[in-house]
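Visitor: Those protein sequences? They're chains A and B, same order as listed.
My numbering numbers the first residue of the first sequence as 1 and each following residue consecutively.
My numbering numbers the first residue of the second sequence as 1001 and each following residue consecutively.
Zero decoy hints are in this set.
Computed cross-link-like contacts, DSS-like style, restricted to lysine-lysine with a CA-CA straight-line distance of at most 30 angstroms:
#, chain 1, residue 1, chain 2, residue 2
1, B, K1181, A, K114
2, A, K45, B, K1113
3, B, K1114, A, K44
4, B, K1053, A, K70
5, B, K1061, A, K70
6, B, K1096, A, K61
7, A, K91, B, K1053
8, A, K189, B, K1189
9, B, K1114, A, K91
10, B, K1165, B, K1113
11, B, K1045, A, K45
12, A, K113, B, K1181
13, A, K91, B, K1082
14, A, K45, B, K1070
15, B, K1114, A, K82
16, B, K1045, A, K113
17, A, K45, B, K1044
18, A, K44, B, K1053
19, A, K181, A, K165
20, A, K70, B, K1045
Pairwise CB distance ranges, derived in the manner of DEER restraints:
#, chain 1, residue 1, chain 2, residue 2, range
21, A, V52, B, L1174, 29 to 35 angstroms
22, B, G1119, A, E117, 16 to 22 angstroms
23, A, E185, B, A1098, 47 to 53 angstroms
24, B, Q1029, A, N36, 35 to 41 angstroms
25, A, T164, B, K1165, 51 to 57 angstroms
26, B, E1140, A, V52, 38 to 44 angstroms
27, A, E32, B, T1097, 37 to 43 angstroms
28, B, N1132, A, N143, 39 to 45 angstroms
29, B, T1097, A, L110, 43 to 49 angstroms
30, A, N36, B, E1024, 29 to 35 angstroms
31, A, N36, B, K1155, 26 to 32 angstroms
32, B, Y1068, A, K44, 17 to 23 angstroms
33, A, Y68, B, T1164, 42 to 48 angstroms
Taking beta-carbon pairs under 7 angstroms as the criterion, some of the chain B residues facing chain A (in silico):
#, residue
34, V1041
35, P1046
36, V1049
37, G1083
38, H1118
39, G1119
In short, the hints are calculated from the structure, not lab data.
Glycine included, each C-beta is placed from N, C-alpha and C at the ideal position.
Next come the chains, spelled out residue by residue.
2 protein chains.
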Amino acid sequence: MNFPTVKKQNKKRINKANLGMDLEEAINQTNEYYLNNDIAVIHKKPTPVQIVKVDYPSRNKAVITEAYYKTPSTTDYNGIYKGKYIDFDAKENHNKTAFPLANVSAHQVLHLKKVQEHGGIAFLLVAWNLYNEYYLLPFEVLNEYWENSLKDGRKSIPYETFKTKAYSISEGYLPRIPYLKVIDEIYFK
Amino acid sequence: MNFPTVKKQNKKRINKANLGMDLEEAINQTNEYYLNNDIAVIHKKPTPVQIVKVDYPSRNKAVITEAYYKTPSTTDYNGIYKGKYIDFDAKENHNKTAFPLANVSAHQVLHLKKVQEHGGIAFLLVAWNLYNEYYLLPFEVLNEYWENSLKDGRKSIPYETFKTKAYSISEGYLPRIPYLKVIDEIYFK
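Chain A with its partners taken away, still in its complex shape (with noise of 0.2 angstroms):
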């Protein structure tokens, strides 16, 4: 599991591939976007946080002293794009050639699973950082991939399928990661 690093250590890390800030920002700010110009209500989820102590050291104030990261259940993100329920995970990938399955948790694609099958939205937005390209992968590419590695073992999705079978997301500077867009390309045509 990948612990949440804290918010301010985050904004000095430097990542050219995308010109020093991380995905999650970019996606939050993307949000951001969406919500002041009345195009979409999509929130990120808070960090699950298990809380083992509370310290209060005057009537009202709560100091957290002792708590820990939780594995979430669901994703990251979701909301309502034109009526319809939206529910993504953010996923970077630093590998050269394949996104590592390892990335999503058996939990992640459970829940997929049963939006898509309720009627909402559901996928992946993918980072490839090495080549500083967004993808949204949709839920069933994901879902084909992850059964057959039950079965073959093959534990990564190549590189190719997201050329062939994923959606490329152009980045731009307002929003910063205009995944609506192909939102509209695929579910709204």
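For this one, chain A is given, so just place chain B on it according to the hints.
Guide: Below, chain B alone, put in the same frame as chain A:
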């Protein structure tokens, strides 16, 4: 702001009004029932926490040693039901004659308003603890009182309004608070 209490303490709290179970726990059980029976995919969002300090006593262990509760910018529950986006917050009311609007933040009202404008189903689930009654309060009714309160200064919704303009949810065994039955009556008739 009300600080959420630590889980372990909650479980031991005795509350005659709802048989020892607090509202959050009852709704979580309800949502679990809906999920397991493939009726809906609705989850509680994690409590937002601002993480300030993290210790790493060993390579794979992260202990949060300083963190603070943050005010949520949205509501606690969202998901999908019959292809529709659902969004709500749950409120416990300990008063006898009215539901104080102080229980709701301006952020939450704005969020629910946006959800409704984008075609989602937005409401409050209000527990009247003294009467052991549950109501689904549609966003329109909340909004009417919210906007009037800015003009006439009346800062609560009378119990009478719940009787006439909200929808009673009969408490059950499984699921505990069958609010989707009421959603069916209002939105899917």
